[in-house]
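Undergrad: One letter stands for each residue in the lines below.
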Amino acid sequence: MSALFEIISHEYRKYVFTKGFIAFLLLIPFAMVFGVGVVMLQEATESAKTFTVIDRTGQYEEIIQDAVDTNRERRILQRYDEFVLGLESTGLVDGQDLKPPFRPDDRTDARREAFFEQGGLEEGSRQLKELVATDLPPIEAPRERYRIVDLELELPADASADVIGEAYAPYMRGDEDVPGGGRLTGVVLIPEAFGQEEDAEAVYLTDNLNDESIATFVRRAISDDLQRKAFLAEGLSEEDVVRITGLNASLRTVKAGTQAEDVEQRRRDRIETLLPFGLAYILFFGAFSVGSMLLTNTIEEKSNKIVEMLLSSVSAGQLMVGKLVALALVGLTPMVFFGAVGIAVLTFFGAGDEFFGLVRDVLLGSPLVPFFFLYFVLGYMLIGAVYLGIGALCETIQDAQNLSTPLTFLVLLPTFAFAGIIVDDPNGVIAKVLTFIPLYSHVTMMLRLSSNPPMWEIIAGTTILAGSALLLIGFMGRIYRAGILQSGGKATWKGMLDAARASKEDSAR
Amino acid sequence: MVLNLEGVTKRFGDFTAVSDVSFSVSKGEIVGFLGQNGAGKTTTLRMVMDILPVTGGKISLFGSEDLRKGRLRVGFLPEERGLYRKMKAVDTIAYFGRLKGVPGGKAKKKANELLERFGMEQYAQNKIETLSKGNAQKIQLLSVLTHEPEFLILDEPFSGLDPVNQKLLEDLIHSLRQEGATVLFSTHTMEHAERLCDRFVMVKNGEKVFEGTIDEAREAYERRLILTTTDDPSALVGKAGVTGVQPLGRNRFALQTSDGADTQAILAAALQLGITVIGFGREEVSLHDIFFRLAGASQEATA
Numbered sequence: 001m002s003a004l005f006e007i008i009s010h011e012y013r014k015y016v017f018t019k020g021f022i023a024f025l026l027l028i029p030f031a032m033v034f035g036v037g038v039v040m041l042q043e044a045t046e047s048a049k050t051f052t053v054i055d056r057t058g059q060y061e062e063i064i065q066d067a068v069d070t071n072r073e074r075r076i077l078q079r080y081d082e083f084v085l086g087l088e089s090t091g092l093v094d095g096q097d098l099k100p101p102f103r104p105d106d107r108t109d110a111r112r113e114a115f116f117e118q119g120g121l122e123e124g125s126r127q128l129k130e131l132v133a134t135d136l137p138p139i140e141a142p143r144e145r146y147r148i149v150d151l152e153l154e155l156p157a158d159a160s161a162d163v164i165g166e167a168y169a170p171y172m173r174g175d176e177d178v179p180g181g182g183r184l185t186g187v188v189l190i191p192e193a194f195g196q197e198e199d200a201e202a203v204y205l206t207d208n209l210n211d212e213s214i215a216t217f218v219r220r221a222i223s224d225d226l227q228r229k230a231f232l233a234e235g236l237s238e239e240d241v242v243r244i245t246g247l248n249a250s251l252r253t254v255k256a257g258t259q260a261e262d263v264e265q266r267r268r269d270r271i272e273t274l275l276p277f278g279l280a281y282i283l284f285f286g287a288f289s290v291g292s293m294l295l296t297n298t299i300e301e302k303s304n305k306i307v308e309m310l311l312s313s314v315s316a317g318q319l320m321v322g323k324l325v326a327l328a329l330v331g332l333t334p335m336v337f338f339g340a341v342g343i344a345v346l347t348f349f350g351a352g353d354e355f356f357g358l359v360r361d362v363l364l365g366s367p368l369v370p371f372f373f374l375y376f377v378l379g380y381m382l383i384g385a386v387y388l389g390i391g392a393l394c395e396t397i398q399d400a401q402n403l404s405t406p407l408t409f410l411v412l413l414p415t416f417a418f419a420g421i422i423v424d425d426p427n428g429v430i431a432k433v434l435t436f437i438p439l440y441s442h443v444t445m446m447l448r449l450s451s452n453p454p455m456w457e458i459i460a461g462t463t464i465l466a467g468s469a470l471l472l473i474g475f476m477g478r479i480y481r482a483g484i485l486q487s488g489g490k491a492t493w494k495g496m497l498d499a500a501r502a503s504k505e506d507s508a509r
Numbered sequence: 001m002v003l004n005l006e007g008v009t010k011r012f013g014d015f016t017a018v019s020d021v022s023f024s025v026s027k028g029e030i031v032g033f034l035g036q037n038g039a040g041k042t043t044t045l046r047m048v049m050d051i052l053p054v055t056g057g058k059i060s061l062f063g064s065e066d067l068r069k070g071r072l073r074v075g076f077l078p079e080e081r082g083l084y085r086k087m088k089a090v091d092t093i094a095y096f097g098r099l100k101g102v103p104g105g106k107a108k109k110k111a112n113e114l115l116e117r118f119g120m121e122q123y124a125q126n127k128i129e130t131l132s133k134g135n136a137q138k139i140q141l142l143s144v145l146t147h148e149p150e151f152l153i154l155d156e157p158f159s160g161l162d163p164v165n166q167k168l169l170e171d172l173i174h175s176l177r178q179e180g181a182t183v184l185f186s187t188h189t190m191e192h193a194e195r196l197c198d199r200f201v202m203v204k205n206g207e208k209v210f211e212g213t214i215d216e217a218r219e220a221y222e223r224r225l226i227l228t229t230t231d232d233p234s235a236l237v238g239k240a241g242v243t244g245v246q247p248l249g250r251n252r253f254a255l256q257t258s259d260g261a262d263t264q265a266i267l268a269a270a271l272q273l274g275i276t277v278i279g280f281g282r283e284e285v286s287l288h289d290i291f292f293r294l295a296g297a298s299q300e301a302t303a
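Chains as they are written, first to last, in UniProt numbering: chain A, 1 to 509; chain B, 1 to 303.
In case anyone wonders, no lab produced these hints; they're calculated from the structure.
Even for Gly, the Cβ is constructed at its ideal location relative to N, Cα and C.
Keep in mind that a hint or two might mislead.
As the list claims (entries may be wrong) - Have a look at the derived ranges for each label pair, beta carbon to beta carbon:
{"#": "1", "chain 1": "A", "residue 1": "G37", "chain 2": "B", "residue 2": "E121", "range": "47 to 57 angstroms"}
{"#": "2", "chain 1": "B", "residue 1": "D215", "chain 2": "A", "residue 2": "L470", "range": "52 to 62 angstroms"}
{"#": "3", "chain 1": "B", "residue 1": "R117", "chain 2": "A", "residue 2": "N304", "range": "22 to 32 angstroms"}
{"#": "4", "chain 1": "A", "residue 1": "F337", "chain 2": "B", "residue 2": "E121", "range": "28 to 38 angstroms"}
{"#": "5", "chain 1": "B", "residue 1": "E121", "chain 2": "A", "residue 2": "T333", "range": "26 to 36 angstroms"}
Claimed, not checked - As a list, the in silico EDC-like pairs of lysine to aspartate or glutamate whose alpha-carbon atoms are at most 16 angstroms apart:
{"#": "6", "chain 1": "B", "residue 1": "K108", "chain 2": "B", "residue 2": "E121"}
{"#": "7", "chain 1": "B", "residue 1": "K69", "chain 2": "B", "residue 2": "E150"}
{"#": "8", "chain 1": "A", "residue 1": "K305", "chain 2": "A", "residue 2": "E395"}
{"#": "9", "chain 1": "A", "residue 1": "K14", "chain 2": "B", "residue 2": "D91"}
{"#": "10", "chain 1": "A", "residue 1": "K129", "chain 2": "A", "residue 2": "E140"}
{"#": "11", "chain 1": "A", "residue 1": "K255", "chain 2": "A", "residue 2": "E140"}
{"#": "12", "chain 1": "A", "residue 1": "K129", "chain 2": "A", "residue 2": "E152"}
{"#": "13", "chain 1": "A", "residue 1": "K99", "chain 2": "A", "residue 2": "E130"}
{"#": "14", "chain 1": "B", "residue 1": "K133", "chain 2": "B", "residue 2": "E79"}
{"#": "15", "chain 1": "B", "residue 1": "K110", "chain 2": "B", "residue 2": "E79"}
{"#": "16", "chain 1": "A", "residue 1": "K305", "chain 2": "B", "residue 2": "E79"}
{"#": "17", "chain 1": "A", "residue 1": "K14", "chain 2": "B", "residue 2": "E129"}
{"#": "18", "chain 1": "B", "residue 1": "K86", "chain 2": "A", "residue 2": "E300"}
{"#": "19", "chain 1": "A", "residue 1": "K49", "chain 2": "A", "residue 2": "E140"}
{"#": "20", "chain 1": "A", "residue 1": "K305", "chain 2": "B", "residue 2": "E129"}
{"#": "21", "chain 1": "A", "residue 1": "K99", "chain 2": "A", "residue 2": "E122"}
{"#": "22", "chain 1": "A", "residue 1": "K305", "chain 2": "B", "residue 2": "E80"}
Said to hold, decoys possible - A short list of chain A residues far from chain B (calculated; beta carbon distances all over 12 angstroms):
{"#": "23", "residue": "V36"}
{"#": "24", "residue": "K255"}
{"#": "25", "residue": "I306"}
Using the sequences plus the hints, can you model the full thing?
TA: Below you can see the structure in the form of structure tokens.
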């Protein structure tokens, strides 16, 4: 028993107390900070999408300009509301003390117009400051998303789209400066007959076909106006039109079996549904990568001729179990470490934040986390046992690839291919079938758990997984015992079977 | 009795690696285990260490057939040697000690003691991969001594060592013996066995062909009568009990004689026949010759 402990401790320290592993632990938060930084950098550097409108009808440029302004106002109002709600969650202020339109509410057109008529962001900040004793950071208006510029190019009044495109291309490439900075994203060309003749088409000229946002925005703005005019032509009043276009079917998604009115419950359900994706991802790659570490570990020990020294003190069974346990612990170390750090951070910094508090409660309270560890251990044992057996028969990694490459494909491909189907229909046929196939059941179960699969399927799937993991460890243990001392073992499936058989004969005597 | 083998057999499928081998090692002895490559030495030693199960027969260590328990009191240096490349020398020695049941702190202390005793304390904190091959092998040897074994089994300990290190190892075995250790080591070079062993066991094709002291081996070895001459000695056949002449090359001939033949009479007969006698007498045998004779295949004719 103590020898087994020595092996576990030795193997564990061999991996964990290395510069590489510690660097890995430190690198993950760094990568997260980097990821957040990139998002912030993108936000900070994202410039307004700048475009020019060549309107030959003389009536749409103003409409598009109005749409741009409205869009900006909506975004400012949203920023303002979020700021107030953020203050509310820290308990500094009660937004309900503010008078409309400065009280956070649904962002209707009427409220928006009133907000900007009564002084906009500046007035809102002033009123907010009166309620709060402490100094507040200024509310920064969001960057503008769309901007219309007039480059005042001298072009013939009937210039074709080709000619216009040619003329504006240097501004799109950045060869020529655009007033106000940035580059020109595109040109909207509205022909004279637009809105009167059926085949008169507006054109959006751009050098970046991937970015549809300006085209969509302008199309929406003009469509809205066309619809408004059509309604008016039918004899409706301006008020009726506003009322009709403002109609919106009210529909929200609620998890079956929960209270639709309970907002917190709804958020909790949302988190409980999303969290398993993250956990399944970590589970899948964790179990697979730690499992495959056993391959290199065994081959190293075999080719370094250490194994005979070890076997003169401990049995092959102890050595194998020791390795399996030690690497499971290696795999669990970063998870437990970051889990603990994460919960500490959520508790410490997220105390006031409802959302992070919920994430923490879900993590600690739901059965997802214990199940995650269970499935990690089972899935890892299954994959790890196979790699151990393969490693015991091979002198070099190259030898092992004969056997390990098909295994890798067998594990990876179906998981990638079917993950989407399981997520779409967690209690569908494919999800059910994969639940009972040991190589995939750990990831499948993780993805299904939040969708209340039948209890018997959880029990049966888990039992099959655990049973086959144990059987496989037994079988691979025989191969390991037979193969580990052989030199030039046969790295084929047949070689593995032969080794298992020879080992069985030995132990039968 | 430290080690006892009784009719030990090992088969791998149809191949019999060790066949009905029996021998024993008593306390305080140094026993050489000799045989050609592939004779079954390593397989036998692996069975003693319970690394391989026996197909038939019995092995006992310290009077018990519980080898799992007994082997913890044995220091075993396998033929194929390797260490964890990234591990420090002192940790390596301590780790193998701990696997044999030495408690953690004591193993480390003992490891430092061993390094000091063999003048290698300056390498204690070095990783194995930075050591020279000879030093790595010494570390490996020290790592089987951490648990103060009563019995050392060394499989080909001299292979791969340069003459200086071979001498160091011989000295080490001598000093361990003075402390009362029992040693069984396998080799296929006779000089070491001749210098070190009280007794030796010889195997050939998996079977034991000899067990005993060097003197007993010399006695058991039939020393041939050799006549060196430039003439043809075949005329001797039938005279003075000579039954046959076998040319050995380089003017040497082995004379086969009937039982009780008188060597003086044979020499006289040779002189009578006018054969020029350059040399005459029983051949000198070294352990090397005995080895070839007993353990070797058919090299006798060219010896």
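Undergrad: Compare the structure with each hint and give your call.
TA: Taking the hints in turn, this is what the structure says about them:
A C-beta distance of roughly 50 angstroms is found between G37 of chain A and E121 of chain B, which places it inside the suggested range of 47 to 57 angstroms. In this structure, D215 of chain B and L470 of chain A meet the distance hint of 52 to 62 angstroms, their C-beta atoms being roughly 59 angstroms apart. The hinted range of 22 to 32 angstroms is satisfied by R117 of chain B and N304 of chain A, whose Cβ atoms lie roughly 26 angstroms apart. A hinted range of 28 to 38 angstroms holds for the C-beta pair F337 of chain A and E121 of chain B, which are about 37 angstroms apart.
Taken as a hint, the range 26 to 36 angstroms holds for the pair E121 of chain B and T333 of chain A, whose Cβ atoms sit roughly 34 angstroms apart. A hinted pair counts as satisfied when its Cα atoms are at most 16 angstroms apart, and K108 of chain B with E121 of chain B qualifies at roughly 13 angstroms. A distance of roughly 13 angstroms separates the Cα atoms of K69 of chain B and E150 of chain B; the hinted pair therefore holds under the 16 angstroms criterion. For the hint pairing K305 of chain A with E395 of chain A, the CA-to-CA distance comes to about 10 angstroms; that is within 16 angstroms, so the pair holds.
Proposed proximity of K14 of chain A and D91 of chain B is supported: the alpha carbons are some 12 angstroms apart, at most 16 angstroms. Restraint check: the Cα-Cα separation between K129 of chain A and E140 of chain A comes to about 15 angstroms, which is no more than 16 angstroms; the hinted pair holds. Using a Cα cut-off of 16 angstroms, the hinted pair K255 of chain A and E140 of chain A is violated, with the two alpha carbons roughly 37 angstroms apart. In summary, the hint linking K129 of chain A to E152 of chain A is not supported, as the alpha carbons are separated by about 44 angstroms, beyond the 16 angstroms threshold.
Straight-line distance between C-alpha atoms of K99 of chain A and E130 of chain A comes to about 12 angstroms, which keeps the hinted pair within the 16 angstroms bound. At most 16 angstroms may separate the alpha-carbon atoms for a hinted pair to count; K133 of chain B and E79 of chain B meet this at roughly 15 angstroms. Simply put, K110 of chain B and E79 of chain B have alpha-carbon atoms about 24 angstroms apart, too far for the 16 angstroms limit, and the pair is violated. The straight-line distance between the Cα atoms of K305 of chain A and E79 of chain B is roughly 9 angstroms, inside the 16 angstroms bound, and the hint therefore holds.
Only pairs whose Cα atoms come within 16 angstroms are accepted, and K14 of chain A paired with E129 of chain B is accepted, the gap being roughly 15 angstroms. Of the supplied pair hints, the one linking K86 of chain B and E300 of chain A holds, its CA atoms being roughly 12 angstroms apart against a limit of 16 angstroms. Proximity of K49 of chain A to E140 of chain A is assessed by CA-CA distance (about 19 angstroms); at most 16 angstroms being required, the pair is judged violated. Note on K305 of chain A and E129 of chain B: the hinted pairing holds, with a Cα-Cα distance of about 14 angstroms set against a maximum of 16 angstroms.
Only pairs whose Cα atoms come within 16 angstroms are accepted, and K99 of chain A paired with E122 of chain A is accepted, the gap being roughly 15 angstroms. Restraint check for K305 of chain A and E80 of chain B: satisfied, since their Cα atoms lie roughly 6 angstroms apart, inside the 16 angstroms limit. Annotated as non-interface, V36 of chain A keeps its C-beta farther than 12 angstroms from every C-beta of chain B; the closest such distance is 35 angstroms. Distance check on K255 of chain A: its Cβ is at least 51 angstroms (rounded) from any Cβ of chain B, clearing the 12 angstroms threshold; non-interface status holds.
Under the 12 angstroms C-beta cut-off, the non-interface status given to I306 of chain A relative to chain B is violated; the minimum distance is some 5 angstroms.
In summary, the structure is inconsistent with hints 11, 12, 15, 19, 25 from the numbered list given earlier, while agreeing with the others.
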